[in-house]
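There are 4 protein chains.
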Amino acid sequence: MSNAFTYSPLWSGLFRDDEVAERFTGEVFAAKMIAVELAWTSALAKVGAVSKDSAARCETELSSFSPDLLAFAQASERDGLPVVELVRQMKAEVAAEDAAAIHSGATSQDIVDTAMVLTLLEIFELLGRRLTNLLNQLDNLSAVHGKSSLTARTRMQAALPTTVSTRVSVWKSLVSTQRGSLDALRSKIAFGQFGGAIGLRGEPAGKGEAAAKYASEALGLSHGPVWHADRSRIVDVGNAFATLTGALAKIAQDLCLMSQQGIDEVQFSDQGVSSAMPHKQNPVRAELVIAQARFASGLQGTLSQAMIHEQERSGAAWAIEWLTLPTMAETAGSASLSLYSLLGNVTRLGTEVPK
Amino acid sequence: MSNAFTYSPLWSGLFRDDEVAERFTGEVFAAKMIAVELAWTSALAKVGAVSKDSAARCETELSSFSPDLLAFAQASERDGLPVVELVRQMKAEVAAEDAAAIHSGATSQDIVDTAMVLTLLEIFELLGRRLTNLLNQLDNLSAVHGKSSLTARTRMQAALPTTVSTRVSVWKSLVSTQRGSLDALRSKIAFGQFGGAIGLRGEPAGKGEAAAKYASEALGLSHGPVWHADRSRIVDVGNAFATLTGALAKIAQDLCLMSQQGIDEVQFSDQGVSSAMPHKQNPVRAELVIAQARFASGLQGTLSQAMIHEQERSGAAWAIEWLTLPTMAETAGSASLSLYSLLGNVTRLGTEVPK
Amino acid sequence: MSNAFTYSPLWSGLFRDDEVAERFTGEVFAAKMIAVELAWTSALAKVGAVSKDSAARCETELSSFSPDLLAFAQASERDGLPVVELVRQMKAEVAAEDAAAIHSGATSQDIVDTAMVLTLLEIFELLGRRLTNLLNQLDNLSAVHGKSSLTARTRMQAALPTTVSTRVSVWKSLVSTQRGSLDALRSKIAFGQFGGAIGLRGEPAGKGEAAAKYASEALGLSHGPVWHADRSRIVDVGNAFATLTGALAKIAQDLCLMSQQGIDEVQFSDQGVSSAMPHKQNPVRAELVIAQARFASGLQGTLSQAMIHEQERSGAAWAIEWLTLPTMAETAGSASLSLYSLLGNVTRLGTEVPK
Amino acid sequence: MSNAFTYSPLWSGLFRDDEVAERFTGEVFAAKMIAVELAWTSALAKVGAVSKDSAARCETELSSFSPDLLAFAQASERDGLPVVELVRQMKAEVAAEDAAAIHSGATSQDIVDTAMVLTLLEIFELLGRRLTNLLNQLDNLSAVHGKSSLTARTRMQAALPTTVSTRVSVWKSLVSTQRGSLDALRSKIAFGQFGGAIGLRGEPAGKGEAAAKYASEALGLSHGPVWHADRSRIVDVGNAFATLTGALAKIAQDLCLMSQQGIDEVQFSDQGVSSAMPHKQNPVRAELVIAQARFASGLQGTLSQAMIHEQERSGAAWAIEWLTLPTMAETAGSASLSLYSLLGNVTRLGTEVPK
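Protein chains in written order, with numbering that gives the first Met the number 0: chain A, 0 to 354; chain B, 0 to 354; chain C, 0 to 354; chain D, 0 to 354.
Chain A extracted, bound-state conformation:
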């Protein structure tokens, strides 16, 4: 699935995060899958299932291998997954006697899941940096405007007079909590997935467990139990993306409400204009972040059903992850860009205290 509309140049980057999306492109994701296959190849050698020479030759031959993406057209139609074709292409790159050092004892899910983990870890790092930047920006805003007046509001009603620094500190706390959640989640998901055909680590015979451990280590990941049919860590990642987007949207919602004429508690330098009504200053980015948070929340409601992963491997439940998680990652990323851009355009926050 795509969304050709919000992705189109007509909307510029309003709904996009090319830096996140790039991680999910065929080229970049395939490179991760190749890295996973080669980690498995090295593990096969370490447990003695294939010769070290054979594994070394595979690694050399495939060190700069880039797959023929067009060839996936028929293959994925047939197989429902790109791994079978990827393995075919990889084997074709090496000598016939080395082909057994590739993928033997692994299953498609091992490759896709582990490549997904590597991808998610990169995205966590990217988002973590973005959140740090947002925190710095909020610090700056507080330093400049913190003492300005603001009306605290509860249930849409004026409650008590306060200062900008009060509200900004709530915003900072929200962002900081989310940054902490990403850090905590990182250690929860940074595990390889090497389980073999039905998740038993039965191959190489008697050495599957050791091979799984070596392969994870080669990728800088931890070793743990097979999670073929326990998708809770993926659902938790989705929850983190949705919650993060929601935290950013809380700030955006506050800014929208503050920007209303009659309230006038924020001024932006460069807001959307209306051809018919040039006096307007639409808080465009803020509105979109709110929409994105509702969108990401809804996707989490779908992703969570990936838990109902029947038997040893479910195509239907697994596909739910693919349909939602990459979009949720990009949504969180796009919202962080929008909020950063929005806050960067703030020229006034709160009501200046009359002197």
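Worth flagging that the hints you see were computed from the coordinates, not collected in a lab.
Fair warning: this is a prediction, and the values are worked out from it, not measured in the lab.
Honestly, I wouldn't trust all of these hints.
Same chains, same label: a pair holds when it works inside one copy or across any pair of copies.
[Claimed, not checked] Here are the simulated DSSO-like pairs of lysine-lysine, each with C-alpha atoms no more than 30 Å apart in a straight line:
| id | residue 1 | residue 2 |
| --- | --- | --- |
| 1 | K171 | K187 |
| 2 | K45 | K31 |
| 3 | K146 | K45 |
| 4 | K171 | K90 |
| 5 | K212 | K146 |
We have chain A; now place chains B, C and D onto it with these hints.
Okay, now just chains B, C and D, sitting in the frame of chain A:
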């Protein structure tokens, strides 16, 4: 938002419907918006707000106008919508004295909403044809395999022996109902949206209502009340897409269950293979359609909130439509392609009656 | 499932609609199921499957029958449905030789689905009356306050000055559209469900179709094809409930925004107070309606998956309907009560024009 | 909101968990709120804002206070929350000079949120015990049937022969992961919420922070920052409930599929019967758990939007929590009861190995 993952060549067309997606690309959607602008120009002339000559010159100058998509990059960032920039480009194409014949009295929402209606009508037609093809295919399957045995199952349990034709007739009824729903919805949504700045049809002064009528007619649409802030027709379209995808998924779910070894009530000619387990015949497409139906349903849960469209125009609620509806259209389309492909590969349905 | 929290007396009726909920109680719903069973009994007699005398005796014996609700405790645990036990109780009320006039050839789904249709039709009527009351109320508000000033706002920004009557006419249009949708849907769902064990109308042999027709007619319903496995009409009802709640929430959202100090475009006579801040006037009901609309929308995202109704009858997909639809009906009803109460407390709408 | 249908005696306890629901009743939740108020009273005394004697008298007078639930009828209608009325009732129980020792400096949200935390902690404990019981049950099943044959299936297709113990160990791992998640979450949420009117801990002046600390400690909770407007911990609780329900549904889905005639890998002692088809053994409870997991997932998609909690306190966003979280807790609980009941009825798992 996009989903760079499911859109990538790695997955071939498994999750895509390029024919639907194409309608939402910048180029094609912009062409629709230009058509809407020109319909408005012609309406302005008809009510006498601009000269017929001026309108005619605009039409001539812009008859083959294709916008500079790259120029939307900064503009949409700033405006939150592509219409301001589109109007700027269109005006730049005509003589200065004719510029007033373009967009005067219209608002961005008029253009985007009406272009969306035109787009949706095309998609309805496309999906309608697809459903007709599916019905023909089901007729063929029933003709060939209808008398074969099948075990009717209720609540996952064998209920009574029946024949293939019984179940196929239920499938046909599902598809037929959805085709009828699209037809009924077509006449519900085929209305122009021309309301002006705040939905009052205040411009051209005293002639806004007439102009709206003329503009809709020029596009082959009906004329009715402004629906700037009543998004129920859009939500109903989403409901149709989700329900249609669900109807297809019911058939797909049946096929998945029929394909289990031990049940063996369907055979496909060309199913997914497993590198490790070549004896398997994964009903890949069927599983994906099920996932897509859950995905589309979840998106409907988000889209439905577009009803909470505050004041005279909500950026946040409107953006929810853009984030969901195009994807839902493509999901329904992709599911229809998958099911067609799947049914086309059926070589046996039911259990052959022993002779 | 329940929600013991929002149902508790602590919240009074804020989240409740006892008039709607009453239709789904065991007592009232059982009465509908009994009516459906008796309609089937009369149909069995009409097609000659049982004697007219036998059917008449059943009708007489059961005319004031009220089931032993406690006896469902074990039965439904075991059967997963109340119908088996209900039939057992009904048969126990009549003479042994008349027992065959009860339920023969029908299936549990026939009874539950048809009783649900009867229930939904009552709720449609109730909601329709509520919407008419709301329209009258809006007319009154417009008559009193229509000429007061109001600032039209688009994308959260002041757009143009207008009058209260402009915005109220949009509200009226929203409510009116929803009332029309309920009317249209009524004729779409007012069909009996009589299909027998696997939906073939195989019993009474050769007379199942006629019996289904008679039974529907006896209940004042139309006769049409079996819809055991095509749940689109139920999904459409959910869409109507969610959309209606959303339409009410659009009005509530406008009122929330108008009630902000600094905007001051509405005044209520009797709003929530804050113990600590007695100057506040919380638009409590308005906020809750907004929350309810998001809640109902989310439920629609779940209900829509009821389409994936596998084989001849799915317990899992069917149960999704029970878990969502009654709550959606009550949510729509509760929102209509809240909005009515809220509008009834309006003492000022818009800004008085200075004289 | 309620769901009068699934709550009705017609369905017995199929969709209920009275032990969880009981925690959310007016009586039990009010008792929690009273405990929170009294903890605040004791904290006021500790920081010297009221006299220790006054606080002690309050504690004595209110030690067995049970509120007049009927009196909430008008109050909550007006206030949108039960706290104002509860405080009024509590003050009426004590001498006039002691009234200041009740609620001074606290806000309604402090009371409701902290009472909710206490409630959730009890539910976590209850669910934790249930999961331990499930793990024991799975151990027993594995001990008895572990060596029986089972066909491992991937993507709905027979993959490789394996044994029951393999699949049961995956089930155990799922349940065990969820039990661990509840434990981890417990320490994340076990914090008091004492922030005062706008979350600044401004009262008692200069001592608000200390009072908050004392109040939390008096309830056995940790002390941390105010989370009035950061609802992520509540969203995380919802994620835990949805994920837990999903984990149970994965097991239920497996059992459903195993119970199909033709697969025959499980036998239950006491399954649902069909009046018309007594040979059937409907895995009723299993189907319902699957439906409940989809339902809970959808609710999480709504709850997640509670993050968009505008300004210092949002009535609309807060109400989303009340509409979803209690139901999600009960759904998780009900699913755990159903699965326990289901597994307790297993008389055969897998295919007996022929001797």
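Evaluation of the provided hints:
When the C-alpha separation of K171 and K187 is checked against a cutoff of 30 Å, the pair qualifies both within a copy, at 25 Å, and between copies, at 19 Å. For the homomeric pair K45 and K31, the shortest alpha-carbon distance inside one copy (21 Å) is at most 30 Å, but the shortest distance between copies (59 Å) is not. Proximity of K146 to K45 under the C-alpha cut-off of 30 Å is found in neither arrangement, the shortest distances being 63 Å within a copy and 32 Å between copies. In this assembly of identical chains, K171 and K90 lie within 30 Å of each other by CA distance neither inside one copy nor across copies; the values are 51 Å within and 38 Å between.
In this homomeric assembly, K212 and K146 come within 30 Å of each other (Cα to Cα) only across copies, at 27 Å, whereas the closest approach inside a single copy is 55 Å.
Checked against the numbered hints above, the structure violates hints 3, 4; every other hint is satisfied.
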